[in-house]
Structures are given as structure tokens and as C-alpha cells.
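Chains as they are written, first to last, in my numbering: chain A, 1 to 577; chain B, 1001 to 1189.
The reader is advised that the hints may include incorrect statements.
List time: in silico DSSO-like cross-link candidates among lysine-lysine, alpha-carbon distance up to 30 Å [what the hints assert, rightly or not]: (1) Lys-208/A - Lys-188/A; (2) Lys-530/A - Lys-1075/B; (3) Lys-228/A - Lys-1056/B; (4) Lys-534/A - Lys-1087/B; (5) Lys-270/A - Lys-1056/B; (6) Lys-228/A - Lys-216/A; (7) Lys-513/A - Lys-496/A; (8) Lys-216/A - Lys-1056/B; (9) Lys-1173/B - Lys-42/A; (10) Lys-315/A - Lys-270/A; (11) Lys-1086/B - Lys-542/A; (12) Lys-1135/B - Lys-3/A; (13) Lys-1173/B - Lys-3/A; (14) Lys-542/A - Lys-1087/B; (15) Lys-2/A - Lys-1158/B; (16) Lys-571/A - Lys-1141/B; (17) Lys-547/A - Lys-1141/B; (18) Lys-1086/B - Lys-315/A; (19) Lys-1184/B - Lys-315/A; (20) Lys-425/A - Lys-451/A; (21) Lys-315/A - Lys-1087/B; (22) Lys-313/A - Lys-1158/B; (23) Lys-42/A - Lys-208/A.
Okay, the calculated beta carbon distance ranges per label pair [as the list claims (entries may be wrong)]: (24) Gly-1122/B - Met-107/A: 30 to 36 Å; (25) Asn-1136/B - Lys-3/A: 52 to 58 Å; (26) Leu-317/A - Glu-1055/B: 19 to 25 Å; (27) Leu-393/A - Met-1108/B: 32 to 38 Å; (28) Ile-377/A - Lys-1087/B: 42 to 48 Å; (29) Glu-218/A - Lys-1135/B: 51 to 57 Å; (30) Ile-377/A - Lys-1158/B: 49 to 55 Å; (31) Arg-1159/B - Lys-530/A: 45 to 51 Å; (32) Asp-1095/B - Lys-3/A: 32 to 38 Å.
Partial list, derived from the structure: chain B residues whose beta carbon lies under 10 Å from chain A [as the list claims (entries may be wrong)]: (33) Pro-1100; (34) Asn-1124; (35) Leu-1126.
In short, the hints are calculated from the structure, not lab data. For every residue, glycine included, the Cβ atom is placed at its ideal position computed from N, Cα and C.
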Amino acid sequence: MKKIMLGNLAIARGAYEAGVTVSTAYPGTPSTEITEAIADYKDIYVEWSPNEKVALEVAIGSSIAGARSICCMKHVGVNVAADPLFTIAYTGVNAGLVLVVADDPGMHSSQNEQDSRYYAMANSIPMLEPADSQEAKDMTKLAFEISEKYDTPVMLRTTTRVSHSQTYVEECDRVDVAIKPYKKDITKYAMMPAMAKKRHLVVEDRIKQIAIDSNKLEINRTIIKSTKLGIICSGVSSQYVEEAMPDASILKLGMVFPIPLDLIFEFASKVDELIIAEELEPIFEREIKAAGIKCKGKEIFSIQGELSVAIIKNKLLGVPIPVADNTLPVRPPVLCAGCPHRGVFYILNKLKLMVTADIGCYTLGAIAPLNAVDTVICMGASIGMAHGVDKALGCEASSRTVAVIGDSTFVHSGITGVINAVYNKGSSTIIILDNSTTGMTGQQHNPSTGKTIRDQVTHQLDIEAMCIACGVKSVSVIDAYDMKLIESTLKCELAKDEVSVIIARRPCILLTKDARVPYAIDQDKCVRCKACMKVGCPSISKALNGKIVLNPAQCNGCGVCVQMCKFDSIKLVGGAK
Amino acid sequence: MTNILIVGVGGQGTLLASRVLGNYAINRGLDCKLSEVHGMSQRGGSVVTHVRIGEKIYSPIINEGDADIIIGFEKLEALRWRHYLKKDGIIVVNDQEIMPMPVIVGAMAYPVGVFDQIRSEGMNLLVINATDIAKNCGNIKVANTVMIGALAKNIGFKREDIIEAVTNTVPCKLLQVNLLAIDKGYSAK
Chain A
1 MKKIMLGNLA
11 IARGAYEAGV
21 TVSTAYPGTP
31 STEITEAIAD
41 YKDIYVEWSP
51 NEKVALEVAI
61 GSSIAGARSI
71 CCMKHVGVNV
81 AADPLFTIAY
91 TGVNAGLVLV
101 VADDPGMHSS
111 QNEQDSRYYA
121 MANSIPMLEP
131 ADSQEAKDMT
141 KLAFEISEKY
151 DTPVMLRTTT
161 RVSHSQTYVE
171 ECDRVDVAIK
181 PYKKDITKYA
191 MMPAMAKKRH
201 LVVEDRIKQI
211 AIDSNKLEIN
221 RTIIKSTKLG
231 IICSGVSSQY
241 VEEAMPDASI
251 LKLGMVFPIP
261 LDLIFEFASK
271 VDELIIAEEL
281 EPIFEREIKA
291 AGIKCKGKEI
301 FSIQGELSVA
311 IIKNKLLGVP
321 IPVADNTLPV
331 RPPVLCAGCP
341 HRGVFYILNK
351 LKLMVTADIG
361 CYTLGAIAPL
371 NAVDTVICMG
381 ASIGMAHGVD
391 KALGCEASSR
401 TVAVIGDSTF
411 VHSGITGVIN
421 AVYNKGSSTI
431 IILDNSTTGM
441 TGQQHNPSTG
451 KTIRDQVTHQ
461 LDIEAMCIAC
471 GVKSVSVIDA
481 YDMKLIESTL
491 KCELAKDEVS
501 VIIARRPCIL
511 LTKDARVPYA
521 IDQDKCVRCK
531 ACMKVGCPSI
541 SKALNGKIVL
551 NPAQCNGCGV
561 CVQMCKFDSI
571 KLVGGAK
Chain B
1001 MTNILIVGVG
1011 GQGTLLASRV
1021 LGNYAINRGL
1031 DCKLSEVHGM
1041 SQRGGSVVTH
1051 VRIGEKIYSP
1061 IINEGDADII
1071 IGFEKLEALR
1081 WRHYLKKDGI
1091 IVVNDQEIMP
1101 MPVIVGAMAY
1111 PVGVFDQIRS
1121 EGMNLLVINA
1131 TDIAKNCGNI
1141 KVANTVMIGA
1151 LAKNIGFKRE
1161 DIIEAVTNTV
1171 PCKLLQVNLL
1181 AIDKGYSAK
């Protein structure tokens, strides 16, 4: 049956149809919905792992045990999973193993726009890239066939525009794949130097064979039209090219590593001019040029950002692009009304502290008026970096520095930072913003929420006990809405010459907002001092008549603004929202 | 080929519109691609959904200057995305202002005369008070459905076809209020 389906849901469907029985992931935009959708297929074991490295290791284990396994993550997640990835390339698989990686050209929701094709090259493992949801499903299934045929892990790369677009998909039945028997073979699965030296040769032979065979793969598709211009492209860029340049000949690469050089030579020989239209890095371009084929790529298209039909028409045909009105106020994402992070960030800014922050909703504390964040690098970096500041500048600077990290990010890769700070006699102050969920990616469970991806009750990781076990002597748990307590606790902990952890706890407002009672401003009492606006809540604004107004439809009743008001002018509105 | 751009503020419920339009396309046997925003922008940022319906669609993204219709759930967002509108296209805007953070902190002013500005550039503009219409329907949350009704009328979809698509999309218990909202939106002038 034909359905209209998000690219990520199509990958989940492909995994289901391919007979996958184990699926692992850590959430990350734009990959998250794949695993959420797999959770709806009861034939598949599915889990949120604490981070991408563990997720991939679980999938490697299940693949070697004999089950078709899929592991999904965003592009930067592969950095975390890179350690097992580089060696699973050597061991190969038993049952099929597919690593799905969702890249984010243009950085809609990411801290960088690294190109995951480099990982396929660096590991000498094949990578497929779909252009729409149907291909996403088909290529997921093909990836398992390739994985088992060549005894290799296979990467499936998407980009935001494939992951988050809906296009038609024809559904098929699931093929039940029997568990492959596991046979002990330390020359294949135990990578010590003697074994690994031999396996490395296997890897090189394998990728050469795949490169040869890729010339005959149906997913590498040539459409010869005009002989004047030929364009090589892949993924969503091929959709842009087909629409923008209907007369051009096209070689659309479904396998983006290794690339089919014979096919490319043949294609190049049929056209007068060859252009490579690829988003991000000039990966095809370099390989094609290295093969001695003349072509143009990045002298036309930017390395930064996405391509589009308009950009291709503009660069190749000179068609102008209507420009956006840049005089308008921008609308950056903000902490939600009622977000439990808001009060903490207000205090951090008020005390003029250096804040090493982390990946999650709390990056939004960086912008005005909160202006609380100094650094955002990667998952878990906040804690290591605060320790670095401590060691570089000593105790005095450390008493003005705070690491801020969320509960899910703490479990992902913050714990080792705490162990390090204690072990190396540091004096960092660490705030764990525990909102009982993985917030930015859309409220997924994690080990500290006590529920699995399928909402089953499980052991709830005790963050306080974890910090104490790491050797932190001063662990305090406070209400994230209590600004006085936040300030006094912070001052107290910053003064200590030892590592301390403050857990500021309140559930994410998106989990609880239905139960909230909104506030309103009593205009008779309000003196328009705007103190309440300093916390940057989207529900409070200045009206055209100069009044400060609180929109009850947006307010989630956290009461942080109430604590800012010296005139007692913010009151609860009677009745529930 | 019909290009529909739906713009608003993260959290306003613009994703329902794309689901309804997807079902409309399926029912008509037409090709369709929808591109949505997930992740960071959903936290109160500027969000855009691209909907393309036709015989054969390649790109899931609409080009600047190529939208047949823009549905603005919020005034400033309609203004921000107006360069996507085709010559002779129509822009349908919900008469609602949501202050962005640079305005809240006083760094910038919310633009005045948004509708005059759009009209002065020669664009066809239809202003709808979807929030009030939704209230009259009995549920403020169906403001987005009111907008879908207005969209359907102004892009030339038949009333019964969009009703069918909404019926395919909305859960049973909310169907009646949504059908009322579609009807009001379809009739709005």
C-alpha cells in the first residue's frame, strides 16, 4: 500500500521489512524519529542507549550474535561511536549491520556540519544515500544485503531534507530472517595486532571489490539527455538537479562510497562539461579529479550550507534568487515559557560567572536577555572544560566558573568528566539541569527517567548517588524554580575548594504544562520596571500602549517572573488553563 | 503544480496542515512532497513547512518566488517569508502577533503596518482572525484548521475534497469541531 511517509519513518519501515530484530540509538536531530518509529514495530527489540558508542557496540554484539541490527544517530554521534566503528570495519559482521547517520547541512539543529561520507572513506566501508522516502526504505533493505554479501558494516547517510520530508512509499511485507549461527573465530572477531594485520588486508580487498561491483549497482543511475552538460550528484541534491536542470544529463550516485569510477569515466566521456553538485565537502569532486577527470564543483557551489533548486539555477543559469527582508527582527528558538532552566540561567548571568555549557535546550541560555553561556562544544564537554579552566587559572577562577549540563547529556558523557575532576583534585562547580527527559530532541527517555523507549518501568539511575560514587562530597538537590535557593547554593558551592554538584530539578515543561495555572499582571500594581522581562520569557512582552502584558495562553505558571517582581503585581489566574 | 508554504512560530501546530494536505494529495492520486522542521526551531523559533502537490515533484523544498500561496500563522512570519510568494500568488495571514525575543528585550521593534507593507508590494492579501473564529467554533486549538480551510478555498480546492482530507486526518472525537473550523475558514473573506 502506498503511503506518504517521513524519510526517517521510511528507514524504520525498511528495517522492519528487512527482518531487523535489534535496533539501538541515542536521540539526535535529524535522526531521532527513526528509532521512535521502530519502537512501534513489536517484532524488533529497540533501545535508547546512553550514548552512540554504547548504541553501536550493542548493535555490533547483536550482529555478531547473528541478528540483523540497525543503529541510528546524528552526524556528530558518529564521532562518539567512531572508536568501535573503525574496528568493526576490520572484523566485519555476522548478520547484517547498518549504521544510519543523519547529516545536517545548513545546521538546522547542530553545532557543526561535518560530512559523514568521510567516515565511510576513513573506514573503507560502503555508504548509501537515498534521495527520498521510497529510496530511504529500499536502500535500508539493500544495505543489509550488501552488509551480509561483503561481510561489512554499511552506513546509510541521510540529510535533514530527506529525514524530515514526507514522500510516497510503497510498503512491503516483513521478511523474517533466521538468526545466523555464531561461530567462534578469534582471527575475525578479536582484534589483536596479529589478527588485525590480516583483517586490514581483507578490508582493503573488500572495498576494492565493492568499488568494482558498484559500477553495476542499479542505485547508481545514469540519465543521458543533453551531451553539453553532465551533473554528478547524490541524495536530495539529485532532486534539486533534476528539477533545476531538466535538460542536463545526470549521474545520480546511490552508493556514495566507494564511487563507481568506470561509470563516471563513461558518463564524463559523453558530456562536454562535467559538474559535481554535492552539499558540504568536495568528496566526489576530489576523487573524480584524482582519477584524472576534468570537472567543476566547489568553485561553483559553497562548502557551507545546503543546495537548492534556486541555488543551482542561480549558479548555472544566472537566474536571480528573490532575497529575504533582513530588516525584520529575527525569531531565534527560545527556552519555552515555564522552562525550568530559565531561573538558573538568570542567576548565572546575574553573578557574571563563566559558564561552560553543553548540548541541549540549555544552549538557548546563550542568547539575550539571559546571556549566560560562554561555551558550547560537544556532548559532555562542559564538565571537562570547567576543570580545564580550573587547572589553567587556579582556584580563584574556578570560583567564578560553572559547568552546566542536562540529565541526558550527563549520562551520555558527563560522568567521566566528574570522575576526572575529582580524581585530579579539581574544584569545579557543576550544575546538572535535571528536567527528567531528553528535551531538545523531543522528550525521549534516558536512564535517569526510569523508563525505557517503550515506557516500560526500569531501574532509574540515581544521579545524586552516581556523583557521590564518583567521589563528589558536596552534592545538593534544589528546586530549579527557586531562584533564591539557586543563588545561595551556587555562592556556597563556588566558594568550596573541591568538586561540587548542584542538581537543579524540575520536569521539562512540555511534560507537565497541561496541569499548569497561568499568571497575569495586575496593571494597577505594575510600575513597568520590566524586571520580569529580564528572564526572557516568551509569554511576557511590552504592549504598544506601554503596558507589560503576560499572555495567559502562553504562560505555563512556573512563577519565575513572580520572583523578579518587587511590586507583587504578578498573580495566579483563577482556574486551570 | 501547487506550491504551498506554511509559516509560523514553533509550537503553533503547523504540522497538522501538512498532514491534511498529504491526505488531500493521496485522495486525488497526485504526487506530493512535504518538508517540515523538527528540532531546535520548534522551541518558539521561526518555522516553515513546504508542501508541493502535482503530477511529478522533485525537490521537497519550494523556491524563493515560487509559492502559489503562503499561509502565515503569525504576522511577522508572513512578512519574513513573503519573498517566497510567486507573482500573482496569495498570502493568507492569521491576524496574530507573537513577539520574538529581540522585540521582548527591546533590541528591535515589532514591525508596524505589516498588512499595508504586504499590500503595497502588490501581493494579494487575505487577513483572517483565525483565533476568534476558532473560539466561536468552541475550541481555540482549531485555529490551524480554520487556516487550512482558508488555504483550501484560496488555492482552489473543492470544499468536499478538503473535508474528506480532514476526515482522514483528524481523530474521530475532534472531527466535528474541526469540520466546523474548516467550513468557517473556507467561507472566510
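To see whether the hints hold, each was checked on the structure:
1. Lys-208/A - Lys-188/A: With Cα atoms ~19 Å apart, Lys-208/A and Lys-188/A stay inside 30 Å; holds.
2. Lys-530/A - Lys-1075/B: Holds, at roughly 25 Å.
3. Lys-228/A - Lys-1056/B: holds (25 Å)
4. Lys-534/A - Lys-1087/B: violated (43 Å)
5. Lys-270/A - Lys-1056/B: Given that 30 Å is the threshold and the Cα spacing comes to 27 Å, the pair holds.
6. Lys-228/A - Lys-216/A: holds (25 Å)
7. Lys-513/A - Lys-496/A: violated (37 Å)
8. Lys-216/A - Lys-1056/B: Answer holds: Lys-216/A to Lys-1056/B is near 27 Å, not above 30 Å.
9. Lys-1173/B - Lys-42/A: holds (27 Å)
10. Lys-315/A - Lys-270/A: Roughly 22 Å between the alpha carbons, so the hint for Lys-315/A and Lys-270/A holds.
11. Lys-1086/B - Lys-542/A: Judged against 30 Å, a Cα distance of about 35 Å means the pair is violated.
12. Lys-1135/B - Lys-3/A: Distance ~34 Å between Lys-1135/B and Lys-3/A Cα, so the pair is violated.
13. Lys-1173/B - Lys-3/A: holds (24 Å)
14. Lys-542/A - Lys-1087/B: violated (36 Å)
15. Lys-2/A - Lys-1158/B: holds (23 Å)
16. Lys-571/A - Lys-1141/B: Holds, at roughly 25 Å.
17. Lys-547/A - Lys-1141/B: This hinted pair holds, its Cα atoms lying about 27 Å apart.
18. Lys-1086/B - Lys-315/A: Holds, at roughly 21 Å.
19. Lys-1184/B - Lys-315/A: Violated. Lys-1184/B to Lys-315/A sits at ~45 Å, over the 30 Å cutoff.
20. Lys-425/A - Lys-451/A: Outside the cut-off at roughly 35 Å; violated.
21. Lys-315/A - Lys-1087/B: holds (22 Å)
22. Lys-313/A - Lys-1158/B: violated (34 Å)
23. Lys-42/A - Lys-208/A: Violated, because 38 Å separates the two Cα atoms, which is more than 30 Å.
24. Gly-1122/B - Met-107/A: 30 to 36 Å: holds (35 Å)
25. Asn-1136/B - Lys-3/A: 52 to 58 Å: With Cβ atoms ~35 Å apart, the hint is violated.
26. Leu-317/A - Glu-1055/B: 19 to 25 Å: holds (23 Å)
27. Leu-393/A - Met-1108/B: 32 to 38 Å: The hinted range 32 to 38 Å holds for Leu-393/A and Met-1108/B, with Cβ atoms some 37 Å apart.
28. Ile-377/A - Lys-1087/B: 42 to 48 Å: holds (46 Å)
29. Glu-218/A - Lys-1135/B: 51 to 57 Å: Given range 51 to 57 Å: holds, Cβ gap about 55 Å.
30. Ile-377/A - Lys-1158/B: 49 to 55 Å: holds (54 Å)
31. Arg-1159/B - Lys-530/A: 45 to 51 Å: Holds: the Cβ-Cβ distance is about 48 Å, inside 45 to 51 Å.
32. Asp-1095/B - Lys-3/A: 32 to 38 Å: Hint holds: Cβ distance 36 Å, inside 32 to 38 Å.
33. Pro-1100: OK, holds: Pro-1100/B within 10 Å of chain A, min 4 Å.
34. Asn-1124: Status violated, d = 17 Å.
35. Leu-1126: Cβ of Leu-1126/B sits 20 Å from chain A, so the hint is violated.
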